[in-house]
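Asks: Position chain B relative to chain A; hints supplied.
2 protein chains.
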Amino acid sequence: MSRSRTTVVDIAHAAGVSKSTVSLVLQGSPLVNEKTREKVNSVIADLGYVYNRGAANLRQARSKIVGIVVNDLTNSFFAELAVGMDMVVQSAGYVQFLAHSGESVDRQREVIASMRENGIAGLILSPARGTEAADLKPLIDSGIPVVVVVRNLSGAKVSTLLSDNYTGAKAAVRHLVSLGHTRIGFMGGFLDTAVFAERLRGYRDALQEAGIAADEALIVHSAPSRAGGVAAVERMMLLADRATAALCLNDAVAFGVCDGLRTVGIEPGKGFGVIGFDDVIEAKTAVPALTTVSVDPQGMGQRAAQLLLKQINAGGNEQESLVTSVRLVVRQSCGAPVRNNHLEEMA
Amino acid sequence: MSRSRTTVVDIAHAAGVSKSTVSLVLQGSPLVNEKTREKVNSVIADLGYVYNRGAANLRQARSKIVGIVVNDLTNSFFAELAVGMDMVVQSAGYVQFLAHSGESVDRQREVIASMRENGIAGLILSPARGTEAADLKPLIDSGIPVVVVVRNLSGAKVSTLLSDNYTGAKAAVRHLVSLGHTRIGFMGGFLDTAVFAERLRGYRDALQEAGIAADEALIVHSAPSRAGGVAAVERMMLLADRATAALCLNDAVAFGVCDGLRTVGIEPGKGFGVIGFDDVIEAKTAVPALTTVSVDPQGMGQRAAQLLLKQINAGGNEQESLVTSVRLVVRQSCGAPVRNNHLEEMA
Numbered sequence: 001m002s003r004s005r006t007t008v009v010d011i012a013h014a015a016g017v018s019k020s021t022v023s024l025v026l027q028g029s030p031l032v033n034e035k036t037r038e039k040v041n042s043v044i045a046d047l048g049y050v051y052n053r054g055a056a057n058l059r060q061a062r063s064k065i066v067g068i069v070v071n072d073l074t075n076s077f078f079a080e081l082a083v084g085m086d087m088v089v090q091s092a093g094y095v096q097f098l099a100h101s102g103e104s105v106d107r108q109r110e111v112i113a114s115m116r117e118n119g120i121a122g123l124i125l126s127p128a129r130g131t132e133a134a135d136l137k138p139l140i141d142s143g144i145p146v147v148v149v150v151r152n153l154s155g156a157k158v159s160t161l162l163s164d165n166y167t168g169a170k171a172a173v174r175h176l177v178s179l180g181h182t183r184i185g186f187m188g189g190f191l192d193t194a195v196f197a198e199r200l201r202g203y204r205d206a207l208q209e210a211g212i213a214a215d216e217a218l219i220v221h222s223a224p225s226r227a228g229g230v231a232a233v234e235r236m237m238l239l240a241d242r243a244t245a246a247l248c249l250n251d252a253v254a255f256g257v258c259d260g261l262r263t264v265g266i267e268p269g270k271g272f273g274v275i276g277f278d279d280v281i282e283a284k285t286a287v288p289a290l291t292t293v294s295v296d297p298q299g300m301g302q303r304a305a306q307l308l309l310k311q312i313n314a315g316g317n318e319q320e321s322l323v324t325s326v327r328l329v330v331r332q333s334c335g336a337p338v339r340n341n342h343l344e345e346m347a
Numbered sequence: 001m002s003r004s005r006t007t008v009v010d011i012a013h014a015a016g017v018s019k020s021t022v023s024l025v026l027q028g029s030p031l032v033n034e035k036t037r038e039k040v041n042s043v044i045a046d047l048g049y050v051y052n053r054g055a056a057n058l059r060q061a062r063s064k065i066v067g068i069v070v071n072d073l074t075n076s077f078f079a080e081l082a083v084g085m086d087m088v089v090q091s092a093g094y095v096q097f098l099a100h101s102g103e104s105v106d107r108q109r110e111v112i113a114s115m116r117e118n119g120i121a122g123l124i125l126s127p128a129r130g131t132e133a134a135d136l137k138p139l140i141d142s143g144i145p146v147v148v149v150v151r152n153l154s155g156a157k158v159s160t161l162l163s164d165n166y167t168g169a170k171a172a173v174r175h176l177v178s179l180g181h182t183r184i185g186f187m188g189g190f191l192d193t194a195v196f197a198e199r200l201r202g203y204r205d206a207l208q209e210a211g212i213a214a215d216e217a218l219i220v221h222s223a224p225s226r227a228g229g230v231a232a233v234e235r236m237m238l239l240a241d242r243a244t245a246a247l248c249l250n251d252a253v254a255f256g257v258c259d260g261l262r263t264v265g266i267e268p269g270k271g272f273g274v275i276g277f278d279d280v281i282e283a284k285t286a287v288p289a290l291t292t293v294s295v296d297p298q299g300m301g302q303r304a305a306q307l308l309l310k311q312i313n314a315g316g317n318e319q320e321s322l323v324t325s326v327r328l329v330v331r332q333s334c335g336a337p338v339r340n341n342h343l344e345e346m347a
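Chains as they are written, first to last, in my numbering: chain A, 1 to 347; chain B, 1 to 347.
Excised from the complex, chain A in its bound form (with noise of 0.2 Å):
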C-alpha cells in the first residue's frame, strides 16, 4: 500500500537503539524509559512510521475492530445510535466497520462474513427483519461475542440491550387516556418487529387498565418512517370513527403522522394528539415539539459498545440482558398543558 515503507530496523538504526526497543515503544511498553520513548517516537514521527496493526493483531491474535451493522442509517435514531457507539469504539482505541443492511437478511449475512473475513472482534447488529437466531449460530460458534441491540432476536444466544418498550408505550398511552382522550390509535409499524409488538402490547394493556374497549380499527399498520407515517394518517382518515390521538410506533412515524394531519387541515397538537417514540434530536425542536418516549439514541448506542467490549476483554462467553428505562417526555405535539420536559419519571 505504501511506496516505501519504513521498517522498525530503519527506526532502530536512526534512533541508535536495538529492534526491540522499537518494538517496546510501539507496543506501549512500560519497560522503556522515558527519554528513550521520545526519542524513538520522535524518530517514528520523522520518518512517518504507521504501525502495521494488522499485523500486529495476527501476531497477537487479537484484533482492535469492531463490526456494527444497523438496518437503517436513514432513520435518525440508528444514526444517533451508530454516533453513540462510535464514540465509545474510538475511546477505547477501536476502530469500526459500521454497515447498513437496509432491512435485507441477505446483505446482512453478506457484511458479518465480510466483517468476519477481516477479523472482527466483536459485533453490535441490530437485527434486519426477518432475522432469525440461526442466522447468528456461525458467529457465535466461533467464540466472537455479539450484541444485538434494539430488536429483540428470541433463541439467540447474545448479549442484548433492549430498551423498555413495554413500559414506555404504556406510559404514553395513560397520559393521553389522562388528557381525556377514548379514542387512540397505534400507528406505524409492521408485525414481524419485536419492537412492534412490545410497544403494542403496552398499548393494549393501558388500553384495557383504563376501561377502554380495543378498537382493532385504530392500529394503522405502515412503514416505519416518515413516509408510513403520512400513509398511515390517509388510511385513519377513511375511518367513520376515528381516532383522536395516537401512540406512533417511533418518531419518524410521528413527524410523518404530523405532516399528513396538517395536509388534511388537522393542526397536530390541537386537533390530534400525537406521541412518538426514540426522542430523535429532532423532537424537541420541531412544531410542535414532540412529546414523545425518550430512548436516548446516543446514550443507548454508547451502551451497546460499552457491553461489547466488556464481553471482548472478558474472553466473550458471557450473555447479558440489559433493558434500558425510557421516560415520557412531554412536550406540545399531545395537547397536554407543558409544565416541564421530563413530566414523568420511570423505572
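Hints are supplied without guarantee of correctness; some may be wrong.
Example chain A residues on the side facing chain B (calculated, C-beta under 10 Å, incomplete) [claimed, not checked]:
#1 Asn75
#2 Gly102
#3 Ala227
#4 Gly256
#5 Val280
Just so you know, these hints were derived from the structure itself, not from any lab. Quick caveat, the model's predicted, so the values are computed rather than measured. Backbone N, C-alpha and C define an ideal beta-carbon position, used for all residues, glycine too.
Replies: For chain B alone, kept in the frame of chain A given last:
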C-alpha cells in the same frame, strides 16, 4: 478470536486434496477444476472455516478495506451519503470503516490514524470544519488514495467530488425572483466552509443579475442544522424590514426555518417562501413538501465510492476533480404553483 480455528491443512485432509489446491480455491484461482472447487467449498462450509482476509491482505500487501469519515452522521444528508457509499463498497467486495468526526479536526485525525494502522486501501473524507490540506499530507505521501467529498479542501492533492453549489444556489434564487420576491434571505451556515461560500456566491450573483441590491442583514448565520434554522428565524423576525423568502444552506436548516415560521404563526410556503439544498428523503414527504436543490446524496455517495475504487485499482496517483450537477426541484414550500417535480433541469 476463534475457539478452535480450522486450518487449511484440515480442509485439505478432509477434501483429499493438497494444501496448495485449497489455497488456490480460497483465492478464487481459475486453475482449479470445477469438481475439485465444489468439493473443497463443501468441506469449507462443513468445517465452518473462515478465510483470514487480514492475513491474506498482508501476504498480498493489499487491503480490501476502505475508510469513510463523515463530519455529521446525524444530518440525514450525510447518513444518506454514507448509505450510497456502503452500497458500492460492499458490492465491490470491500468492507468499510465508517466514522463520524462530529466536526472535530482532532477526532478526525485520530480516526484516520487508526484506520491507517488497520490498513485501509483508500479513504473517503467529508472534512470536519477547519480541516486543512496539510492534515491529509501524511496519508497522501504514503500513497493511499483519498477522495474528498462535499466540502472542497483547497490545496490538497486529492481527488474531489463536489456538487455544483454555485449553480444550484443561483437557480434557487432566480426561482424566488420569478415568483416576485425582492427581499430574499440566505439562512444558515457559517463562513468557514467551502459549501457556505459557494452557495452564498450563487445567491449574491442571482440577486445582482436581477438588479436587487444585496442587504447583508438578510444573511443570517446559524448552525447548519434543524435547530440552527429555528434560531435563524428568530433572528430574522427581529428585523424591521424582513425577508419574504429565503434560500437555506441545506434541507436541515430549511426544515428548521419551516418549524420556526410556524412558531410565530407564519405558514411556510404561504407567508414565506423556503428553499432548501440537498433533497434528503424527507424533503418529499414533509408538509409543505420542500422545494430544494437536489444533490442526490445517495447517488453522490455511490459516485464517491466508485471514484475511490477506481483510484485504488489504478494504483492511486491520478487525481480527479468531479462536480456533480444539481437541479431545482419545485415543491410546495416556496409558494410556487406546482407543475411537476423536476421542473428545472440544469447541466
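Asks: Are the hints correct? Go through all of them and say.
Replies: Status of the hints after comparison with the structure:
Satisfaction of the interface hint for A:Asn75 is found here, the shortest Cβ-Cβ separation to chain B being roughly 9 Å, below the 10 Å cut-off. A distance limit of 10 Å between C-beta atoms decides the matter here; for A:Gly102 the minimum to chain B is near 7 Å, and the interface restraint holds. Hint status for A:Ala227: holds, given a least beta-carbon distance of 5 Å to chain B, under 10 Å. Proximity of A:Gly256 to chain B holds as hinted, the smallest CB-CB distance being about 6 Å (cut-off 10 Å).
Proximity of A:Val280 to chain B holds as hinted, the smallest CB-CB distance being about 9 Å (cut-off 10 Å).
Violated hints are absent here; each numbered hint is respected by the structure.
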